[in-house]
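Protein chains: 2
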Amino acid sequence: MIILDGKAVSEKVLENVKETVQNLSRQPHLAVILAGDNTASKIYVNNKQKAAEKVGIKSTIIELPAITSEDNLLSIIKGLNADDDVTGILVQLPLPEHINKNKVMNTISPQKDVDGFTPENVGKLAIGLEPYFYPATPQGIIMLLDEYKIPIEGADAVILGRSNIVGKPMAQMLLRRNATVTICHSYTKDLETKIKTADIVISAVGKKIVRCKMDRNNSCVVDVGIFRNDNGKLTGDVEFDLVSPSCGYITPVPGGVGPMTIASLMYNASKVY
Amino acid sequence: MIILDGKAVSEKVLENVKETVQNLSRQPHLAVILAGDNTASKIYVNNKQKAAEKVGIKSTIIELPAITSEDNLLSIIKGLNADDDVTGILVQLPLPEHINKNKVMNTISPQKDVDGFTPENVGKLAIGLEPYFYPATPQGIIMLLDEYKIPIEGADAVILGRSNIVGKPMAQMLLRRNATVTICHSYTKDLETKIKTADIVISAVGKKIVRCKMDRNNSCVVDVGIFRNDNGKLTGDVEFDLVSPSCGYITPVPGGVGPMTIASLMYNASKVY
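Heads up: the sequence lines are chains A and B, in that order.
Anchor point for the first sequence: position 160 equals 160 in the numbering used here, and the numbering is continuous, going up by one each time.
Quick note, the numbering used here runs 1000 ahead of the 1-based positions in the second sequence.
Keep in mind that the hints were calculated from the coordinates and are not lab data.
Ideal Cβ placement from N, Cα and C applies to all residues, glycine included.
Don't take each hint at face value.
Claimed, not checked - Straight-line alpha carbon distances no greater than 16 Å define the calculated EDC-like cross-link-like pairs of lysine to aspartate or glutamate that follow: (1) B:K1103 / A:E153; (2) A:K103 / A:D71; (3) B:K1189 / A:E130; (4) B:K1194 / A:D190; (5) B:K1213 / B:D1230.
Unchecked claim - So the derived list for chain A, only partly shown, Cβ under 10 Å to chain B, looks like this: (6) K149; (7) E153; (8) H185.
What the hints assert, rightly or not - Chain A stretches covered by chain B per the calculated footprint, using a threshold of three residues with CB under 8 Å from any CB of chain B: (9) 172 to 184; (10) 248 to 261.
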């Protein structure tokens, strides 16, 4: 069994991004909007800024109070769309409840949408066209699988969770690479059988849901979940000690998908349209 | 085993559409663009026009020679977008090879896109928002399943084929209804096992690919394929005589999905935004 070292691979990706950025004729500039004072969001934004600095991408954080109006947020985004110096725009989620997330996503220019969440980029991904940006987490997972040369074409891939951020774009991206994709969720029956018999399992649920031995000993288990258990320790969706001896490849939590997501986001932020 | 009577259900849907149209304050008007002289396309367009007439929807067919330029086609679409009398626009596929289909789809106003193929409508479907129009074939299939009260929530649904017209939107629509969805294609291994163990099989491949008995005797097999066999007889993807005794519900070819697609399209064409 091989542990997929997201930390190490992400460093490699960031090195490549840094080199790309150095060779660009202009410096990419990522604008990050943070509305409200969600503690986790602040940490995420901070990590993104640190990563950007590391690879030579300029970043600006625009902090807005939780009571900021939707109109104000939209007009800030429009300003950033029009600003030629800004090459990427990222709105940290979740947004305050009174703000319509879809309206916000609809306003970001698809050419600056480094998260790949705008309808145009989502639609292109769904149709099989090239979006300007692929969503960071699934893209980071594909980078990790590719680094370890894990076969995707023809593989039976089972995705747990159907969010717009991970599950659904992950399905599209694996389908593009010719995997047979099954999307599971809270209504899925016989979940254990579906997990066990898969070649690739991607779990993005946020609770301890993968708790069975795998049938195929070269299968690959990717854990996107990250949360604190009752003892306050960071853990993921996968019962690591139980699952890891039965599979071929597995990601740790932390140190697996997390760092890959940041590296993948920096890869996106280095693209200038 | 019950044969899903697409012919009868489609008549019922068309009756409802007719009533809806009669109660509208303005008559819907469907513009159909037919470029080139593909014989099959002509038959399809003709059938659509007949159906429109039946339900009281005005239709105009715009025939263009195969050598028509992309620019000309795009400017015709823009004219239709701007024409307040036209409520729906349909570009019959396939288009002549020198015309970029994606550019064409990108030009149709999403509010008049009765086929549901424009990026905005596809993107909304993918994100889980309400598109202006759902693609006709998968929508017609859902109508048929609902008419026979076939449970979708929690069902294991296996889709064969991943086209933008049927397979991919079908996956999204079944997922919305809380089915567990597996998308299969030419790279899929152990296809027979996947088919057999499903609750719902939707086959949209265009060759005789479903040729095994089903394991679950209340399963439902939907045949989207339609082509002529070596004897010139219309047939579908499913080996009907072999499969039908082993399942609970099955669509015939012809008389199954075909008429439902037309009825579903008319349902779309009756919507005025």
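What hints, given by number in increasing order, does this structure fail?
The structure conflicts with hints 1, 3, 5, 6, 10, although it agrees with all the remaining ones.
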